[in-house]
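*Asks:* Chains as they are written, first to last, in my numbering: chain P, 321 to 509; chain H, 45 to 373.
Just so you know, these hints were derived from the structure itself, not from any lab. No residue lacks a Cβ here, since even glycine has one placed at the ideal position from N, Cα and C. Hints should not be assumed to be uniformly reliable.
Claimed, not checked - Computed footprint of chain H on chain P; a stretch qualifies when at least three of its residues, placed anywhere within it, have a C-beta under 8 Å from a C-beta of chain H:
(1) 401-410
(2) 414-422
(3) 450-462
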Amino acid sequence: MAERERSHTRPRGALFVPRAQVMSASDVQRAVTRMAHEIDERNRGLEQLVLVGLQTGGVPIARRLGTTLEEVGGTAIPVGSLDVAFYRDDIGLRPVLPEAVTDITFDLTGATVVLVDDVLFTGRTIRAALNALSEYGRAQAVQLAVMVDRGHRELPIRPDYVGKNLPTRRDEMVDVTDDGVMLGDVVNR
Amino acid sequence: MPQHLLAIDDLGPDGIAEVLRVTDSFVEVGHRANPKVPALRGRTVATLFFEDSTRTRVSFETAAKRLSADVLSFAAGSSSVKKGESLRDTVETIEAMGIDAIIIRHSSSGAPTQVARWVDDTAVVNAGDGWHEHPTQALLDLYTVRQALAEAADGGTGDDGDDGTRAFKGLQVVIVGDIRHSRVARSQVAAYAALGAEVTLVAPRTLLPPSLEGWPVASVSHDLDRELVDADVVSLLRVQSERGSGEFVPSLREYTAGFGLTARRAAALKPGALILHPGPMVRGVEIASEVADLPAARITGQVSNGVAVRMAVLFLLLAQGPGEGSLHE
Chain P
321 MAERERSHTR PRGALFVPRA QVMSASDVQR AVTRMAHEID ERNRGLEQLV
371 LVGLQTGGVP IARRLGTTLE EVGGTAIPVG SLDVAFYRDD IGLRPVLPEA
421 VTDITFDLTG ATVVLVDDVL FTGRTIRAAL NALSEYGRAQ AVQLAVMVDR
471 GHRELPIRPD YVGKNLPTRR DEMVDVTDDG VMLGDVVNR
Chain H
45 MPQHLLAIDD LGPDGIAEVL RVTDSFVEVG HRANPKVPAL RGRTVATLFF
95 EDSTRTRVSF ETAAKRLSAD VLSFAAGSSS VKKGESLRDT VETIEAMGID
145 AIIIRHSSSG APTQVARWVD DTAVVNAGDG WHEHPTQALL DLYTVRQALA
195 EAADGGTGDD GDDGTRAFKG LQVVIVGDIR HSRVARSQVA AYAALGAEVT
245 LVAPRTLLPP SLEGWPVASV SHDLDRELVD ADVVSLLRVQ SERGSGEFVP
295 SLREYTAGFG LTARRAAALK PGALILHPGP MVRGVEIASE VADLPAARIT
345 GQVSNGVAVR MAVLFLLLAQ GPGEGSLHE
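Kindly generate the complete structure, drawing on both the sequences and the hints.
*Replies:* In structure tokens, the structure reads:
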């Protein structure tokens with residue numbers, strides 16, 4: 321589960337206990353580099369391309385993808401960030417709070433938007449993100465890049481670019497940081 | 045977040061900081077071409093105003109509609125209250141309709157608190173009760189000050205773990221006017237003090253409450269000229285003629301001479317000092333017309349922030365679900 325969701329859903333007093341490292345920091349960097357080339361290849365160039373990271377876990381990955389894409393294509397790629405709290409379908413069922421203010425200063429109309437998140441799980445965050453995104457213009461196309469796809473989808477959503485496919489149990493937790501990707505459990509204190 | 049917002053003390057410093065932080069997101073929503081989010085779809089909010097108000101009611105209703113909630117507007121003058129129905133029966137009728145939040149304004153201090161005792165799950169928001177409190181007004185004042193301070197500091201909030209409330213520590217806030225009859229002043233004092241600001245009340249003796257015991261104010265003064273020199277924020281209150289505050293001063297002209305923010309007094313403010321007024325302002329009495337239009341005056345900003353702050357309050361009260369979060373999915 322993404323860092324963002326974890327801070328919302330963690331029962332009071334619960335703790336993330338890492339069990340195994342599944343990607344090292346350099347694995348993550350290699351995955352970013354590969355995904356940047358895939359984005360370039362798929363879109364036959366980077367014209368009209370913008371990156372939008374999901375708050376908060378997707379934002380640093382979007383920035384790194386942006387830097388790498390600039391090296392690949394030679395042009396600067398606009399990078400924004402999106403908070404989907406007000407578009408979630410579980411408002412009222414659990415505590416939902418915005419993590420940070422959405423920052424999209426460019427019009428998305430006609431652009432190819434690559435949504436970027438750290439972990440793809442149920443797909444509900446992405447569903448909310450697609451709705452939120454439409455407030456900033458009618459994108460020509462929306463693609464999805466995630467560092468980890470951990471399965472257990474509840475909606476018909478699939479990623480276009482994946483750092484690593486990671487089979488998990490539903491009750492496990494995936495934590496993506498600059499130091500790599502950890503798989504672990506939530507333990508009640 | 046508590047179930048109700050009846051007074052600033054219900055929130056505490058952390059609750060206030062939370063409201064201000066969530067307001068940032070709603071300000072961003074307000075800047076969009078379509079300033080509406082689906083967050084409270086399917087929820088119903090009732091405004092129950094037993095006292096005339098346009099700006100507060102419209103501000104709350106706009107906030108609720110921008111959250112996609114349904115809004116029932118209930119004005120006492122045209123309701124069954126006129127036919128003799130008691131407040132309790134009115135509230136229980138509304139609750140029985142399945143309303144999620146009641147936003148109430150009443151001329152009696154404590155009416156929202158009483159209503160909160162009668163309801164089960166409905167959230168009650170105080171939109172002004174008698175001389176008691178008007179908490180959302182104080183919150184929007186704080187938000188406006190926080191926004192201005194962040195602009196002055198070039199937006200330096202967030203990255204260092206500061207939610208923008210640190211700047212309130214030691215901030216010199218001067219509240220001028222009819223403190224005695226003002227629910228806004230009570231909420232402002234509680235809110236500024238909760239964040240560590242130093243509040244000075246300035247008013248003629250007749251417009252101060254009989255006792256200031258329990259008010260977390262640093263000082264009380266009757267000399268506006270002396271207090272303005274060090275002020276970071278000057279918050280003006282209206283002379284409330286309809287509440288009889290005119291009877292507590294010899295004349296409005298004499299009030300203006302002693303306590304009005306005239307152009308001469310505004311010139312004595314230090315650079316960067318802010319001027320706030322909850323509105324409706326009476327130009328020429330508590331504030332000179334040219335002062336109200338200075339860049340230091342954030343009065344229009346207060347109004348637009350009011351909608352975002354009330355969106356944050358309604359969102360926090362209605363959207364948080366069961367308090368003890370369980371691992372979802």
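*Asks:* Do three or more residues of the region 401-410 of chain P come closer than 8 Å to chain H, measuring C-beta to C-beta?
*Replies:* As far as the region 401-410 of chain P goes, the hint holds, because 5 residues have Cβ atoms under 8 Å from chain H.
*Asks:* So is the region 414-422 of chain P in contact with chain H by the C-beta rule, three or more residues under 8 Å, or is the coverage claim wrong?
*Replies:* With 8 residues in contact (Cβ-Cβ under 8 Å with chain H), the coverage given for the region 414-422 of chain P holds.
*Asks:* Are there three or more residues in the region 450-462 of chain P whose C-beta lies within less than 8 Å of some C-beta in chain H?
*Replies:* Holds, because 3 residues of the region 450-462 of chain P bring their Cβ atoms closer than 8 Å to Cβ atoms of chain H.
Going down the numbered hints, you'll see the structure goes against none, and every one checks out.
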